[in-house]
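Participant: Taking the hints into account, I'd like the entire structure generated from these sequences.
Protein chains in written order, with our numbering: chain A, 1 to 275; chain B, 276 to 550.
Since the hints were made in silico from the structure, they are not lab data.
We treat Cβ as the ideally placed atom computed from N, Cα and C, and that holds for glycine.
Treat the hints with caution; some may be incorrect.
[What the hints assert, rightly or not] Cβ-Cβ distance ranges computed for the label pairs, FRET-style:
no., chain 1, residue 1, chain 2, residue 2, range
1, A, Arg165, B, Ala536, 48 to 58 Å
2, A, Gly101, B, Gly419, 31 to 41 Å
3, A, Gly115, B, Arg526, 17 to 27 Å
4, B, Arg459, A, Met1, 51 to 61 Å
5, A, Arg214, B, Asp329, 53 to 63 Å
6, B, Glu544, A, Gln30, 11 to 21 Å
7, A, Leu208, B, Asp329, 50 to 60 Å
There are 2 protein chains.
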Amino acid sequence: MNAYGERLAAVVAQRGRLCVGVDPHLSILQQWGLPLDASGLERCAMTLVEAVADQVAVLKPQSAFFEVFGSAGIAVLEKVLGAIREAGALSLLDVKRGDIGSTMAAYAQAYLGEGPLAADAITISPYLGFGSLQPAIDLAVANGRGVYVLVRTSNPEGHEVQTARHHDLTVAQQVLEAGAAINRDHARIEDGVPGPVGAVVGLTHQALDIDLSRFAGSLLVPGLGAQGGTPEHVATLFGDQTPLTLPSTSRDIAEAGPDPAAIRRRTAEVAAALR
Amino acid sequence: MNAYGERLAAVVAQRGRLCVGVDPHLSILQQWGLPLDASGLERCAMTLVEAVADQVAVLKPQSAFFEVFGSAGIAVLEKVLGAIREAGALSLLDVKRGDIGSTMAAYAQAYLGEGPLAADAITISPYLGFGSLQPAIDLAVANGRGVYVLVRTSNPEGHEVQTARHHDLTVAQQVLEAGAAINRDHARIEDGVPGPVGAVVGLTHQALDIDLSRFAGSLLVPGLGAQGGTPEHVATLFGDQTPLTLPSTSRDIAEAGPDPAAIRRRTAEVAAALR
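Facilitator: Structure, rendered in C-alpha cells:
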C-alpha cells in the first residue's frame, strides 16, 4: 500500500480537506427518533457514512460512541470502517490509545493491522511518553497508515499537561519535535505529501503556543462548527505552514440529519466555506 | 452499591492485595497451544479468570488484547468481566481512556455504567488535563466504582511528560493533587478505606519522585514479576503511606498455565510473598 501521506494528499486533492466526524452520540440517536441501542447506533452511523463518504476525504468515527454498546457496538464500528473504505474515503478512527510495550503493539495490531477494526489512521495519546508510541508508528509506516498524536487539544484543561515544561520545551512542542524527526524521513513537503505522524491541535485557541514550522505531518483540527471554530480561524491559526490541515466537524453535520440529502447539503456547505 | 473504596477494602481484607492481570497476549495463546483467534482468546482468558477469580481481590483485564480481535474479542471481554463479578473479585479494566466532554462521558458510560462492559474500575489517561476526566469520576462516584489515573508509569519514556513542570509541580504531582482533592470527600483513611480516584504508579523506579502522602486513593502498581519488580521493592517504594497498594502481575501467572492448578499455585506463591 502507498504511504499514508501519499494517499491522504491524493484524496484531499480530489475531495477537499474537510474531515467529518462520525459521532453517533445518544442525543443524536434521540433527535433522529432512533432506538437507543446498537440497531439505532447502526442506523445513525451508517446513514452518516453512506451520505458523505463519497464526498469528503476523511471520516473520523469516534470509538467511544460505539464502545458504549459493547461488542454489538464494535460490530457496528467494523461495518462503518468497511463502508468508509468502499466509498474511497480514508478512515481516521478516534481512539486516543496509549500504552507501553506489548500492549501498545496490540493496539497497533488492532487498528493499524489487517483485523476487523483496521483503519487508515488512528489518534494516539502520549501521556506515557512519545517513545511508548513507537510500536504504532512502526506498524503505521510498514502498512501505509497514519497516526495522529494528541498535541494541543481544544479543551480548557489541556494546558495543565500540554504546556508543562521538560527542559526547555513544552510537552506539546516536545511531542511535535519527536514526530518531526520521524516525518523528516517520509514527507515530501514540496509535493504536499506529509509524513505518517500527524498531530491533533484544537481550533479553540486564540493563538498557537506551538511551533509547527518543522513538523511535516498533517494536522487533525477538531472544533469546526459546534465547538465554535470557523473556517476563517483555521486560516488564521494554521495559514500555509503545514502541508495538510484537516479541520473536523461532526455535530453540525449530524444535526442536519436524518435525511441523507440534508446531510450531504450541509457537508457541502461546510466544505465550500473551507476552500 | 457501596462506594468503591469500601468494596475494595473489604475484598482485600479477605483475599490480600494482589492484582492479577488478564493479558491474553498472542504469545501466551501460542505457548498454551491455542488457536490465534477469538476462540483461543476466550480459552486463555477464561482459564485465567476461572483459575484465580475466587482467590485474589482484583483482576485486571487488558483491553488491547481483546480489541485485537474486534467485536469477537470484545464479546470475550464481556464474558470475562461477568465471570470476575460472579467469583466475587473486583474487575479493574485496563483501558487507559481519556477524552473530553461528551466523548469522555460516553467512555464513562461504557465502562462505569450498566452496559455489557461494566467494570468495577478502569484506568484513565490525563493527557487532556485532569479536569477532562470529570465525567468518569462523577459516574464512578455515583455508581460505586473507581478510576485509576495514569500518574507515574514504569516505562523509561514516561518522565518526558510526567515530570514536566507546570508552575511548581510536575505533571504527575499535579494529577495526584487533583485526585487527592476528590478523595478527601470520600476516603476514610483511619479505617483503611481509599477514595474513588486511584493512581497508576510503576514499580520499576528506584525511588519515587512523587509525594503520595495526601493522596488517599489506592495505587495500582504494575511491574511485579516479569518486569523485574519484587515484593521487597513494593515495600521499599510504598511503605505504609497509602491505604491500599495493589501490586499487579500478569505474565508470570499466565506462563504457569494452561493447567489451572498450576496457575492457582503460582498465584498463591506470588500473593504469599506480598504479605
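Participant: Now tell me if each hint is right for this structure.
Facilitator: Evaluated hints:
1. Checking the proposed 48 to 58 Å range against A:Arg165 and B:Ala536 shows it holds: the Cβ atoms sit about 53 Å from each other.
2. The hint said 31 to 41 Å for the Cβ distance between A:Gly101 and B:Gly419, and at roughly 32 Å that hint holds.
3. Our hint of 17 to 27 Å for A:Gly115 and B:Arg526 holds, since their Cβ atoms are close to 23 Å apart.
4. Distance hint check: the CB atoms of B:Arg459 and A:Met1 are about 53 Å apart, consistent with the given range 51 to 61 Å.
5. For the pair A:Arg214 and B:Asp329, the supplied restraint of 53 to 63 Å holds, since their beta-carbon distance comes to about 56 Å.
6. A hinted range of 11 to 21 Å is violated for the C-beta pair B:Glu544 and A:Gln30, which are about 53 Å apart.
7. As the Cβ distance of A:Leu208 to B:Asp329 is approximately 55 Å, the hint placing it in 50 to 60 Å holds.
Taken one by one, the earlier hints fail for this structure only at number 6.
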